[in-house]
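Novice: Build out the structure end to end from the sequences listed, making use of the hints.
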Amino acid sequence: MVHYNLKRITVVPTGKDFVDIVLSRTQRQTPTVIHKSYAINRIRQFYMRKVKYTQATFDEKLGTIIDEFPQLDDIHPFYGDLMNVLYDRDHYKLALGQLRTAKRLVEKICKDYVKLLKYGDSLYRCKQLKKAALGRMCTLMKRVGPSLAYLEQVRQHMARLPSIDPNTRTILICGYPNVGKSSFINKITRADVDVQPYAFTTKSLFVGHTDYKYLRWQVIDTPGILDHPLEDRNTIEMLSITALAHIRAAVLFFVDVSGSCGYSIAQQAALFNSIRPLFDNKPLLVVCSKIDLQSLESLPEEDRQLIMEMKKEASNTLTEEGVINVKNTACEKLLQHRVEGKMKSKKLEDVRNRIHVAMPRPRDTRERPPVIPAGVLEARAAAPPRAPRRLEKDLENENGGAGVYSANLRRRYILADESWKEDVVPEIADGHNIADFIDTDILKRLDELDREEHQRQEGESEEEDMDDDEFRKLSPEEQEALAAIRLARRNIREEHRLKKTTADSRPMVPRKHDKDKRFTVSRMERHLSNLGIDPSAAAARARSKSRGRKRDRSLGYDEEDGADAMDGFKDSAQKQQALALGKKAMKKRNKFARKGEADRTIVNLRPKHLFAGKRSTGKTDRR
Amino acid sequence: MRLEKCWFCSSTIYPGHGMMYVRNDAKIFRFCRSKCHKNFKMKRNPRKVKWTKIYRKLHGKELPQDTTFELERKRNRPERYDRNVVEDTVKAMKKISETRVEREAQFWKNRMRGKKTQQRREDLAELQQGIHLVKAPTALLEEPSLTLPKEKMKVKVSVEQESKAMES
Numbered sequence: 001m002v003h004y005n006l007k008r009i010t011v012v013p014t015g016k017d018f019v020d021i022v023l024s025r026t027q028r029q030t031p032t033v034i035h036k037s038y039a040i041n042r043i044r045q046f047y048m049r050k051v052k053y054t055q056a057t058f059d060e061k062l063g064t065i066i067d068e069f070p071q072l073d074d075i076h077p078f079y080g081d082l083m084n085v086l087y088d089r090d091h092y093k094l095a096l097g098q099l100r101t102a103k104r105l106v107e108k109i110c111k112d113y114v115k116l117l118k119y120g121d122s123l124y125r126c127k128q129l130k131k132a133a134l135g136r137m138c139t140l141m142k143r144v145g146p147s148l149a150y151l152e153q154v155r156q157h158m159a160r161l162p163s164i165d166p167n168t169r170t171i172l173i174c175g176y177p178n179v180g181k182s183s184f185i186n187k188i189t190r191a192d193v194d195v196q197p198y199a200f201t202t203k204s205l206f207v208g209h210t211d212y213k214y215l216r217w218q219v220i221d222t223p224g225i226l227d228h229p230l231e232d233r234n235t236i237e238m239l240s241i242t243a244l245a246h247i248r249a250a251v252l253f254f255v256d257v258s259g260s261c262g263y264s265i266a267q268q269a270a271l272f273n274s275i276r277p278l279f280d281n282k283p284l285l286v287v288c289s290k291i292d293l294q295s296l297e298s299l300p301e302e303d304r305q306l307i308m309e310m311k312k313e314a315s316n317t318l319t320e321e322g323v324i325n326v327k328n329t330a331c332e333k334l335l336q337h338r339v340e341g342k343m344k345s346k347k348l349e350d351v352r353n354r355i356h357v358a359m360p361r362p363r364d365t366r367e368r369p370p371v372i373p374a375g376v377l378e379a380r381a382a383a384p385p386r387a388p389r390r391l392e393k394d395l396e397n398e399n400g401g402a403g404v405y406s407a408n409l410r411r412r413y414i415l416a417d418e419s420w421k422e423d424v425v426p427e428i429a430d431g432h433n434i435a436d437f438i439d440t441d442i443l444k445r446l447d448e449l450d451r452e453e454h455q456r457q458e459g460e461s462e463e464e465d466m467d468d469d470e471f472r473k474l475s476p477e478e479q480e481a482l483a484a485i486r487l488a489r490r491n492i493r494e495e496h497r498l499k500k501t502t503a504d505s506r507p508m509v510p511r512k513h514d515k516d517k518r519f520t521v522s523r524m525e526r527h528l529s530n531l532g533i534d535p536s537a538a539a540a541r542a543r544s545k546s547r548g549r550k551r552d553r554s555l556g557y558d559e560e561d562g563a564d565a566m567d568g569f570k571d572s573a574q575k576q577q578a579l580a581l582g583k584k585a586m587k588k589r590n591k592f593a594r595k596g597e598a599d600r601t602i603v604n605l606r607p608k609h610l611f612a613g614k615r616s617t618g619k620t621d622r623r
Numbered sequence: 001m002r003l004e005k006c007w008f009c010s011s012t013i014y015p016g017h018g019m020m021y022v023r024n025d026a027k028i029f030r031f032c033r034s035k036c037h038k039n040f041k042m043k044r045n046p047r048k049v050k051w052t053k054i055y056r057k058l059h060g061k062e063l064p065q066d067t068t069f070e071l072e073r074k075r076n077r078p079e080r081y082d083r084n085v086v087e088d089t090v091k092a093m094k095k096i097s098e099t100r101v102e103r104e105a106q107f108w109k110n111r112m113r114g115k116k117t118q119q120r121r122e123d124l125a126e127l128q129q130g131i132h133l134v135k136a137p138t139a140l141l142e143e144p145s146l147t148l149p150k151e152k153m154k155v156k157v158s159v160e161q162e163s164k165a166m167e168s
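Taken in order, these protein sequences are the chains called G and S. Residue numbers are given in this note's numbering: position 274 of the first sequence equals residue 274, and the series is strictly consecutive. Residue numbers are given in this note's numbering: position 73 of the second sequence equals residue 73, and the series is strictly consecutive.
FYI, nobody ran anything at the bench for these hints, they're computed from the structure. The reader is advised that the hints may include incorrect statements.
[What the hints assert, rightly or not] Below, computed lysine-lysine pairings styled on DSBU-like, alpha-carbon distance capped at 35 Å:
(1) 444/G - 5/S
(2) 115/S - 5/S
(3) 421/G - 74/S
(4) 91/S - 421/G
(5) 444/G - 109/S
(6) 16/G - 61/G
(7) 499/G - 50/S
(8) 116/S - 53/S
[As the list claims (entries may be wrong)] Have a look at the derived ranges for each label pair, beta carbon to beta carbon:
(9) 49/S - 431/G: 17 to 25 Å
(10) 444/G - 114/S: 35 to 43 Å
(11) 150/S - 470/G: 27 to 35 Å
(12) 114/S - 541/G: 47 to 55 Å
We treat Cβ as the ideally placed atom computed from N, Cα and C, and that holds for glycine.
Specialist: Here is the structure:
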């Protein structure tokens, strides 16, 4: 059985739209370019493809419609009847049949014209054939137009039908119009049915869901039924009748005891009797509604008689008041009914066959009932009822609840002494873990250690280090000398290292151009005297040597110690004067901030290539 | 909470310090600081790195094994809490670390024994070798003691007229 989803049927287009859709699809999805100079086979193929494609599209689209609309014979008789009532079975079937025929005819057209196209001898001929084929298919569709429109209407209405499951637990509410059926359903479910004072407020079936014993129950509200023969009933009443007829549900027949619906109890009883055959095999409940307006006791005798008669038909006599009670009773009755039904069916046997309760085989016929000694029984009777144990949960609730209280796990510790339970156990001391030292015989170990220490210390005291002074100490002057030696060594090293690093970049200046005056005679004298030699002889020799070069020097020139080189001047005074003159000459220039020879000049302040001409890319609003 | 030992330098790792590296074979390496961690990443062998405890123990710079070390041992089976035992342990720990300190000091003393003599010998040798840097051989001949020479001549540091620098 195919599953239909009545809410998800594709939209049925009108005839005109249908044609448009199919033709535009053909145009888009098939090649469009053809020329009369192409090979004839190619032309034929081109047009045949178009015809076939159109047929295929028609086929596909009509096929989906036909498949998606439910076959009235395939679905549950309740829905079948419902749709018959709403849409007229014959009309529906005819419409679908028309679509089927259209599909077949389109196929036929396609076959015929493809046969003809095989023998088309020019582009013009083929094109005409194709035009004819497509044209005939489209006229067909036009003829089917009204069916399509009807089916679209049906689809729209079907999508809004309430989703009633005919097989599940259902409660059906019926009765005269305005007796309070919709109010009841509003009360027990979340359905929001219109409740108005005029009759036939509810015009179609409404479904609500409610719960009982952890199960979902459908509650179906029907439009009111009037008392006249079946043939005279209108569509709306037929809905209720259909529901009553096909759904196996608990039926709640509502009686309005106050008569505010406009019908007397007698009329309602008459209705009851006339639709009694519909209640076959269904658990029935007679509900007296609107008892706030008139209670049961204050009813006149005949009316009460009538109600009692109705009740006799119902399989139980109940006078409970209250909406919930009614619901509960109805549910219970239906459950029982369904269980009975299941018990009688074959399914039960299947289940029974699979269950097996193993009972031990008795070895003899002796009875062995459970034995409780009399003393125990007496004690049990005598003992006072035990107070409930104090649980951890009670403790938690007392001390602030779940988020506040945290259980003290220490209460359950097993220790040698109970008073140790709340101890704060140290873990670390002085950079060591206490757990690494813990030992039950730590004291014994400690004693051993003490003994060892004793021995060691005795051994130590025997060998005092007296012999560490076997070599003599250096005297303070010797130490001074040692320090000086070390310093000298360090200096040599440093100098060498510096020299090494700058070796490549240091110029080799001969000693006579000694700018830093490191090789003067006074220095030499000092150095020699530090070493302990009398320097006077060496100094004299050095000076005399320099004095010997009289020819290269002017008279009076003495290489005075500490004197500066003259650079060609007669004396220092002359040199000073020359420098002063030089500076003076510059003063004026500097004061007037004039450019000198040594100052940087820009030859061309406005080079042409920067200040004129267009740019190949970009703007020239900045120069 | 446990104080761990650094895998590289064997110092204690206090909570909140250092890093832990878990290798694919589930061996755990704990480091006290990034210095040790970086050395480890460089695949240096702590036995060859001078400043680690392992090196020092291996090369006889520190007390290598002792009963005090054996008293501190990681026990894998937890003992049931006993207040008296813990009290005794805490007291014992103090005593143990004191003895350990003493023993280490003694070890150091033993190691350094004879150092003074050697040092003096070396100093004398250096003095003898290098005396020529600070004392001229002639002076040494006159005065053979290994001391700085006496100032032979006071060099007249004449205050010459400060001629201004010739080169500005």
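Novice: Compare the structure with the hints numbered earlier in the document and write down the numbers of the violated ones, lowest to highest.
Specialist: Violated hints: none; all satisfied.
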